[in-house]
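S.K.: Let the hints inform the model, and build the full structure from the sequences given.
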Amino acid sequence: MLSRLTLKDHLLETRLVVNRAIMLLVFALILTLILLSRLLYLQVIEHQHFTTLSEDNRVKLQPIPPNRGLIFDRNGILLANNLPSYRLEITPEQVDNMPATLDALAEYIEISKDDRERFEKLLARKPRFEAIPLRFHLSDEEVASFAVNRHRFPGVEITAGLARQYPLGRLAAHAIGYVGRIDEQALQHLDTSDYRGTTHIGKIGIEKSFESKLHGRVGVQQVETTAQGRVLRVLQRTPPIPGNNLYLTLDSRVQAIAEQAFGDYTGSAIAIDPRNGDILAFVSLPAYDPNPFVNGIAYDDYAALKEDDKEPLFNRALRGQYPPGSTIKPFMGLAGLEQGITGTHSKTYCPGFYTLPNNTRKFRDWKRGGHGTVDLHKAIVQSCDVYFYDLALSLGIDRIHDYLQHFGFGRKTGIDIQGELSGLLPSQEWKRSRRNQPWFPGETIITGIGQGFFLITPIQLATATAALANGGRIMKPKIINAEQDANSGELLPQHSELVETVKVYEQLNWDTIIEAMVDVVHSARGTARKIGADSPYRIAGKTGTAQVFGLKEEEKYDAKEIEEKLRDHALFIAFAPVEDPQIAVAVVVEHGGGGGSVAAPIARTIMDAYLQAPAP
Amino acid sequence: MNITISRHREDASLRGWQHRLHLDAPLLIMLVCLAFMGLLVLYSASGGDLELIERQLVRLGIAFTGMFVIAQISPRLLQRLTPWIFVIGLLLLLGVLIGGESSGGARRWLNLYVIRFQPSEMMKLAVPMMVAWYLADARLPPHRWQLLAATAMIAVPTLMIAKQPDLGTALLIASAGFFVLFMAGLQWRLLIISALLAVAAAPLLWHFMHDYQRQRVLTFLNPENDPLGTGYHIIQSKIAIGSGGLFGKGWLNGTQSQLNFLPERSTDFIFAVLGEEFGFYGILLLFTFYAVIVIRGIMIAIQAQDTYTRLLAGSLSMTFFVYVIVNTGMVTGLLPVVGLPLPMISYGGTSIVTLMAGFGILMSIQTHRKLLPT
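These protein sequences, in sequence, are chains A and B.
Basically the working numbering = 1-based index in the first sequence + 457.
Basically the working numbering = 1-based index in the second sequence + 2.
Keep in mind that the hints are not guaranteed to be accurate.
In silico SDA-like cross-links for lysine to any residue, where the CA-CA straight-line distance does not exceed 20 Å [claimed, not checked]:
| hint | chain 1 | residue 1 | chain 2 | residue 2 |
| --- | --- | --- | --- | --- |
| 1 | A | 665 | A | 746 |
| 2 | B | 372 | B | 21 |
| 3 | A | 578 | B | 266 |
| 4 | B | 165 | B | 100 |
| 5 | A | 670 | A | 867 |
| 6 | A | 670 | A | 533 |
| 7 | A | 578 | B | 48 |
| 8 | A | 888 | A | 867 |
| 9 | A | 933 | A | 1039 |
| 10 | A | 660 | A | 776 |
| 11 | A | 819 | A | 942 |
| 12 | B | 372 | A | 467 |
| 13 | A | 869 | A | 1039 |
| 14 | B | 372 | A | 468 |
| 15 | B | 372 | A | 475 |
| 16 | A | 960 | A | 795 |
| 17 | A | 570 | A | 581 |
| 18 | B | 372 | A | 795 |
None of these hints come from the bench; they were simulated from the model.
M.R.: Structure representation (structure tokens):
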């Protein structure tokens, strides 16, 4: 079957393949010879050298953990500190009988079940020559009683280290967060060589978000040890590089006043400098004391925090999602004006309710008798719902969505603390894709007063308010003012970041809205007139009430009759001084009832604290 | 075809039990020796962990069975199935990139609900098979366009696996494909050009590397730089091997290994345990086993009767060699740390099954031969 030509090729090919196969063998031989000569070098020529090294593999490398960077507020007040603390460490390879040793140790030092379990986990995964911490934060008595009996415990040692401490306790706890012991989950994501010797890691808040800045670089020392492993002398030392200090934009004095202003209420308040996005106060209440978390919070205490109805561990400022209620009205008004849907002087008649054509469902105004004839100014000052029902319907949900998204609603602000939620700015598209349902006009109507699907987070609301104050610049909220380089001590300021600029079509429109917001606070009929009367500076604000549960058409809302849990959330947004805004505030008081009566005074207190700071 | 003739003229290697069972005695004996030596070293390295030995035995059992089964498949059938295997492998790889399960920061696993499985393992065989299939009917040496197409067949899966990221396997697959091309007579001129291109591409590669991979390269260049991290591995494994000397410290007597100075001593760094406890002579014995296997594999390639089996057999044998040289080079500090096990000796890994499947193919090639009329 084979033709002469292909047969010839066949032979040629065979020769080629054989040739190549032999070349490969030669290639393999050369590499093998290189490897064998390397082995001869290691095992014969350098044998003595390595034997010595292996015999006194008593010369050990010890990691020196870096000191964690400190955290200060904008005025240099210490928020997170490192305090000396003693801990008990065991080097497994020097202990003959680990269970017996642990039992014996328990006579002098309290060792909980948790401590022991964690220790045994580390024991299984760490090299045996590395010291493993068993207990942290030994008391002076424990240190003393162990020291007397130390000879009984070869391989067990007390070392002095630094432990994180939060001097101001629960103040701004949700912003600062805390560190905790490195657990197995964290271990998998770590650069293990840099975390050798490090026992704690940022778990949440700034401590977590800025872990890489705060941690620093590990140092190494070469030590000579006795046969039992006790360190005789340090041969060589590469010092660790401490973590960088962080200076926050927070003002702890304003923060403290803001937290107090809430009294027993829960909720959140954010104060932002509209000029640069600096967060001046970051309130999420109730808060918790971060200190017990550092060395492992007791199980019962943690359970108590977890099961508390008021959810003290919940970061409301970043993750609380609330309907904006009437605080959305200035933005809605601006959407109407800037897109030419309504005019400054267009009027709507408010009979106290609103109906869709061919529909009997009544959308109620909060004021039963209605506001009569209202224009936009009056609608904002007195918070007329009917005006905004009508405006929302004229705009349509998609135009509302498209305009409001420029203010950052429905997306994360990008604040430099992890864990933020994005809220929800509804649109037809959203409802179709997420709920697989069409959009109904009634849903547009209630979106006009910040109800329905619409959800904001306090940090979003504050950012949007700041943009109203500064002429439309959406500044990324930032909580780090400066980072202090650990080596040079140099302060590296963190720059403000402009996310987006809301387009101003007509300056007059913005002025109209802000004038109305000023009259919310400073006019006789404004919904927040209570805080305007004695204010030494001019405030622009807007109250809001967010329904927690829906009322039936004919039901009347009566705060007294309703259980606290179901009472409306009170909201307030404001900025001041109107002429030169230096602070923008968003306040959400959970189940606070009225925006004007409960949330507005808190905002005023925060602004007073910041704008009327005592001379330093 | 002269079946009757060839039946009468079978040479010695085509007769007897080897032919009937489709096994190749030299390969089989060496593999069993390796497995035995591996268990011995593993017992010491694991600190006498019998459970671990048991698990390794089960794995070896599966691997040898797999080898035996695959050896029964005739190369003809294998050749016909090759494009399908390759395409399925590519699709599975795509599946891993899109929906694979990650462990330890790399996406390598595909959960097929019945079994969890690494498609990259399959590609270790599928890539050389595919390139050999493609060139099987070509006139060798292949011309430019054929080379280009073959390069694409190698590069696409290699890049997909490098992206998982699994540099060790990507390297193996690339070299498996390359060896096919080399066996097919890739011109020296092209070889030199591509080597130069590779050198030129190094900075580009650096740019695409993950931080930990860069760290490994830096550590390789200067282990003292990171004495607590990967540098520690190299320092300690050099001490282990060096202190082993010519005769070694004796089984179960390696201080480096037994005192736990040596990290990953059951898996990637097991060669250091062998070097410490059995010394240079022990390593020589190990290398003898490896050498016999590689030489036997190349012989099978030379004796093979068509282009497909020749190219494939050559590539499989040389890929096995690359395994050995990369692992030992890494443990002795000659190469940067790439996560590749020492074949047949290191604990665990699905890689042992793939490896033995490869030997199954080699044995099938050797024992399905017919004597050609001369």
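S.K.: Could you tell me which of the hints above the structure violates, numbers in ascending order?
M.R.: 5, 11, 13 and 18
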